[in-house]
Structures are given as structure tokens and as C-alpha cells.
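Q: Chain B with the ligand: place on chain A using the hints.
Top line first, the protein sequences correspond to chains A and B. Residue 1 is where the first sequence starts when you use my numbering, and the numbers rise one by one after that. Residue 1001 is where the second sequence starts when you use my numbering, and the numbers rise one by one after that.
Incorrect hints may appear among the rest.
To be verified - Here are the simulated BS3-like pairs of lysine-lysine, each with C-alpha atoms no more than 25 Å apart in a straight line:
(1) B/Lys1031 - B/Lys1003
(2) A/Lys288 - B/Lys1031
(3) A/Lys3 - A/Lys122
(4) B/Lys1031 - A/Lys332
(5) A/Lys462 - A/Lys332
(6) A/Lys332 - B/Lys1020
(7) A/Lys552 - A/Lys408
(8) A/Lys152 - A/Lys288
(9) A/Lys38 - A/Lys525
To be verified - Negatives, chain A to chain B, calculated, CB over 10 Å:
(10) Pro49
(11) Gly108
(12) Thr112
(13) Arg290
(14) Ala364
Said to hold, decoys possible - Over 10 Å on every C-beta distance to chain A, these chain B residues come out as not near it, computed from the model:
(15) Ser1040
(16) Ile1047
(17) Ile1059
(18) Glu1065
(19) Leu1072
Since the hints were derived computationally from the structure, they do not count as laboratory data. Backbone N, C-alpha and C fix where the C-beta goes; we use that ideal spot for every residue, glycine too.
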Amino acid sequence: MDKILRVNMTDLTTSVETAPIEWAGLGGRALTSTIVAKEVEPTCHPLGPYNKLVFAPGLLSGTAASNSGRLSAGAKSPLTGGIKESNVGGTAAQMFARLGIQALIIEGMPTTDNWYSLVLDKNGVTLQEERGLLGLGNFAVVEAIQSLLGKKTGVICIGPAGEKLLTAANMSVKDPSGKLRSHGRGGLGAVMGSKRIKFIAIDDEGAPGITIADPEKFKAASRIFTKAMMDHPVSGQGLPTYGTNILVNILNEAGGLPTRNFTDGQFEGHDLISGETMHDTIVARGGKPRHGCHAGCVIQCSQVYNDKDGNYLTSGFEYETIWGFGANCCIKDLDDIAMADSIMDDIGIDSIETAVAFGVAMEAGILPFGDGKEVVRILRDEIGKGTPLGRIIGSGAGSVGRTYSMTKVPVVKNQGIPAYDPRSVKGIGITYCTSPMGADHTAGYTIATNILNVGGQVDPLKKDGQVELSRNLQIATAAIDSTGMCIFIAFPALDIPECLPALIDMLNARYGAELTGDDVVSLGKNILKTERNFNLAAGLTSAHDRLPEFFKTNPVAPHQAVWDFTDEEIDAFWNF
Amino acid sequence: MRKSTPSGISSVDSITITIKLFAHFRNGRFKEEKYELPPSTDCRTVILSLGFRLGEMGIVMVNGEHASLDQLLQEGNTLALFPLVGGG
Ligand code: SF4
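Okay, chain A solo, but in the shape it has when bound (with noise of 0.2 Å):
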């Protein structure tokens, strides 16, 4: 796996590459962050030609591993203004590795206004001009590539949003059952507008495939990883189960779900939309409660939901959508919030930045909250049509505050706060503060420690270990990115004992390296100060890592908690 494949969309040609040598062991964040950080300008315009679209398959994407099949996608934020990694299922990555592609570099803008497609096969990369999919929605596009490339190719596509360059934007990622994955946070789907890409199709059909160094070594330390991933609690009942959504109640319960525009801790509806009640409904209306965003997960935490007449609504409903929509804008009705999400889904949009925007919108008063059908119709004619209002919403939280001159606008480097109220879980707010992605909950999870008693406990309402809590995960984050694995393979690592060094194991056999635990964590504090390198470059810096001010003048109740770091303490969380 050492193909580049580059493609420069200012004269429209397309190469094939070798790596260099110094990307020889980066895969998935490790190898996006690098390759962005080395060839883009960080001051630059993140949607003019000097912006790079790059995207990664893990290291262990394409192998048998257990849970390994995420895709990265890098490039300067257009939200935030500073790096961005997302990653994400569905079938591309394990593609991209089966045809050797360790990463493909989407650079230059067209000089006309023509809108073009990528097709990658064995024999590298393709470039054509695209007129028919124009304006269509995720769906439709999938639908078309299905019937005209066949119906195992992999899509990588952006909807209207992303045509529209919407920074909220995201990409989406034809999953197993030809549904849609998102690279969500960071309006990543108006960067590949702006390269005026309207789909990347992979046919895999003659790849060379995977080269296991050590065949037998691998097959030992996958059968103890899975073993760890089907042992645990969480990853081998609970999330199966019930989704991510189980997490509505915890946090209610805990004080931490946002609601109202993070104005209290606790949602008077939060039973309509729990993972309980989900759980019934999907199994009453004949849905999926288990569901694998790509092949090869053993988790599952996704589902297939099905509207009343149990015809198909949406599938990887998850707990940041429902509680975005649910508690955030307080929404009640599960199948207003289920209409949301498929519609998201369709015309390509980040469906936390999205709730977010829907609640400072609700407190500016452009819609009531609660008014889930608004919100659809928002989605469906405002946004989605690309209309002034819907521009501004489609935008992010910051634009709706900015435009409504709100001082309640929960962002953090432009990108909004998602389901979790720093004030009364403390660790996360580290994580929205000095992440190098902006407010992003999955870049170091501390819920798992402050809420679920995964990996020790960190007592939420008080500022003690946080700060460590949160640095451990993100540098142990940054490195799980690179490998292709789910995020969700860290509830095991952190209580099963033998879990992380199956996993090191399967790199070392895979590669026939010899990584110990101190080199994967050093590539994860590599990982984030070549981020964090980036950022200061680009003009974010700690003055940025900082959560907005409300925080710390409005207590949140019911344990009336405050945002009560200092900004050394903060800053405390780069040395390292």
C-alpha cells in the first residue's frame, strides 16, 4: 500500500506516485495530518486552490481486523480555519487498500466552472467531467453511480450543501447497504466543492490486494482483539443494543445533556428520545437495532429505523443527532428527529453542527424551539435549496450567532459543541477546548471515564485530573485514527488488558514492524502537535482554546455548575 495518487484540478490532470519515504508507516489521521501540514499553506484560503483534500485509509484498512475499515479525509477547515481529520465507514477505505492507495491528494481548483468526477480503479485515477448528478441529493447519487458502475462500487459524494460550499458541508460514504456514512465535523464537503468534485467512485474489481507480513501472527493477535471487542460490556452488549443513544438518559441523569441551547443540563423529554424508547420502536416497526457501518465491524453500533408504516426512514441515527435535534432544540418526536436526519443525510450536511445552528436559530427566534417540523422544512427548503436563510444556518453555529448577534453560541474554534455541557462534565470541555479539531467530543473521550466508569473514574463536576484524562485520550485518539479503527474499540483498550497489545500486534505482523506501546504513543503526540503546529500557523492559538464565555457566567443546572478553568490550566495541556 504505497500508492499517491494526486490529482490537480487547476489543469485537470492526474498522477501516481510513490510515497516518500518519511509516510512510510502513516495511514488514516497520521497520514492526512502530515501530508496537510506539509503542502498546504496554512494562512491559506480553505476553499481557493491552495487548499488539499487528502484522503487516507487506516493501517490495518483491508485486513481482516476487526472494526479496522475507517477512511480519513484531511484538509483545512473552512469552519474552523485550522486542521481537520474526519473519519468514517462505509466500504471506500477497505477499497482504497485492497488497490494499494495509501493516499489521494486532491489539490488546485478549476479555471471554468465545469463540475468534474474521480474514478479510481487498478490503473490509478480518472478524471471526468460531470453534468448529470449535478444539484442531486446523496441518495440519488449513490443510486445512479449503483446502476451505471455496478453495485459494489464504493462513492465518496457531496449533496447540495457541499455543491453550495456550505461550511457545515459534509461527505458521504456509501456504506454495505448502499446507505450513507458522513465525514461530518469541519464542513469538509465544501472543500471538495470547492475542488468542484461532485463524487470520487472506486471499483476495487482486479486490486492487488493485501500483503500480510506475518500471515499467522496476525491471525493469533486478531482472534485475541476481537475476543477483547466481544468481552467487553459496552462494545459486545451495550452499544449493539442500544446504539449510542442509550447515552440520552445517562447524561440526563448525570446533569450533562445539553438542552435548550445549553441552557440547562436536563430534558423534560428526554424518555421520548432514549435509547430505551428507540430500542422498542426499531424492533416494534420491524428495524434493525444492530447494523455495521462497514464490513468487518463487530460492534454494530448502528441501526436501521423505520417510520411508523415500517418503511425505511434512516440508519445510523446516532446519540449527538438525536440529542441535537431532542434536548438541544427540544424536539420530542423521535420520527420529526428520524425525517431530520435522513434529510441531513441527503443534501449533505453535518447533523451536529447542524443541531447546534438549529438551536442558537431557535434562540434568536427564527424558529420555536421544539418545532420539529420546521426544522424539516428548514432542512428541505431552506438549506438544502441553498436560500439566504438557509446559507446561514447551513453555515454552522458561529454564522447563526454571528448574523443574529447571539452571545449564547456554543463553538469552540467556530465548530460547535456537541451533546455533552462542559460545566458538569468537566474533562470534555478540555477536549472541546484544545483540540486541534475544534469542539469535537470523539477527539478525547472523556465521557467513557467522567460518565461511564470505562477506564477508571474522573468525578465530572470537579476540574482534578481532568486535563491529564483528557490528554491521555487524545494523544491515544490520534494514534487509533491512523490504524482505521472505530473509535468505539476504545471502551476494550481501556479495561481489557490484553486488547491494545493485540492491536500493536497486528500492525507489527501486518507490517512486519517492530512497534512497542511507546511508539504508538508517540506517534499520537506526533500527530497532534504537527496539528497543533498547523493551527498556530494559521492563526489559531491558545487564545482559541477556549470555551465561550457563557460558560463560566451561566450555571447550569441541576448541580448549578460552571466552566471554572483557568486559561494556564488550559494551556497546561500542551506539555508534552
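A: Chain B with the ligand in isolation, oriented as in the chain A frame:
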């Protein structure tokens, strides 16, 4: 420990708490009930009397704060019990 009835007047030497169960802990049990207990009952005793093994407890919260099994319950407390589950 017994279920408190709406009409029942709790005796002086007992306290009333609310117990909330989540995820599969609800199966064959309940979602939310009020119980009367002798004063100075700890979380462990309540958990065991509901038929749980201590090993299945993921999160124990009293009034929205993580609690140890030894924590003594007070009049009016809400005890919430979760199996080990997660998300993200
Ligand atoms: S656990 Fe969920 S997010 Fe992770 S790979 Fe499986 S389905 Fe995808």
C-alpha cells in the same frame, strides 16, 4: 425495603427514595419506583435486594452524582442504576 404506596404513610423510622433503572435493567423489573427503606441503608443493600449482582453495575448515581456502593441514602434521594453501556 418495600415499594411505597401512594396512600401509605411512611413510618418515622423509614425513608423514601426513588429508584430509576435503565437499559436492560428494566427487563422484568421497572423503570421508576418509590421505595421505603430503613434509615442508613447503603446503595449496595438496595442493589442486592433488587436482585442484581454487584458485578453488573455500570454506573450508580445518587441525585445525578456518581456514588459508591457504600454511600448511605437519605430521604428523598434518587438512585439511578445503569448497566455498563456506552456510546460516543
Ligand atoms: S461500532 Fe459503530 S461506528 Fe464503529 S465501526 Fe461499528 S457501526 Fe461503525
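Q: Against each hint, give a clear statement of whether it holds in the structure.
A: Against the structure, the hints:
Restraint check for B/Lys1031 and B/Lys1003: satisfied, since their Cα atoms lie roughly 13 Å apart, inside the 25 Å limit. This hinted pair checks out: A/Lys288 and B/Lys1031 have alpha carbons roughly 24 Å apart, not beyond 25 Å. Pair hint A/Lys3 plus A/Lys122 holds up; C-alpha atoms about 11 Å apart against a cutoff of 25 Å. Pair hint B/Lys1031 plus A/Lys332 holds up; C-alpha atoms about 19 Å apart against a cutoff of 25 Å.
Taking the CA atoms of A/Lys462 and A/Lys332, the gap is near 31 Å; set against the 25 Å cutoff, the hint is violated. Distance hint between A/Lys332 and B/Lys1020 is fulfilled; the C-alpha atoms sit about 21 Å from each other, no more than 25 Å. Pair hint A/Lys552 plus A/Lys408 holds up; C-alpha atoms about 11 Å apart against a cutoff of 25 Å. Only pairs whose Cα atoms come within 25 Å are accepted, and A/Lys152 paired with A/Lys288 is accepted, the gap being roughly 22 Å.
Taking the CA atoms of A/Lys38 and A/Lys525, the gap is about 17 Å. The hint holds against a cut of 25 Å. No Cβ of chain B comes within 10 Å of the Cβ of A/Pro49; the nearest lies about 36 Å off, and the non-interface call holds. Even its closest Cβ contact with chain B, about 36 Å, leaves A/Gly108 beyond 10 Å, as expected for a residue assigned away from the interface. The non-interface label for A/Thr112 is consistent with chain B: the shortest C-beta to C-beta separation is roughly 43 Å, beyond 10 Å.
Remark: the non-interface label on A/Arg290 is consistent with the geometry, its nearest Cβ contact in chain B lying 13 Å away (cut-off 10 Å). For A/Ala364, the shortest C-beta to C-beta distance to chain B comes to about 30 Å, beyond the 10 Å cut-off, and the non-interface label holds. The claim that B/Ser1040 lies off the interface holds: its Cβ sits roughly 24 Å from the closest Cβ of chain A, which is beyond the 10 Å cut-off. Even its closest Cβ contact with chain A, about 15 Å, leaves B/Ile1047 beyond 10 Å, as expected for a residue assigned away from the interface.
Distance check for B/Ile1059 against chain A: the nearest CB is about 6 Å away, which does not clear 10 Å, and the non-interface claim fails. With a least CB separation of 7 Å from chain A, B/Glu1065 falls inside the 10 Å interface cut-off, contrary to its annotation. Taking the minimum C-beta to C-beta distance to chain A, about 19 Å, the non-interface status of B/Leu1072 holds against the 10 Å cut.
The structure does not agree with the numbered hints 5, 17 and 18 stated previously, though it agrees with the rest.
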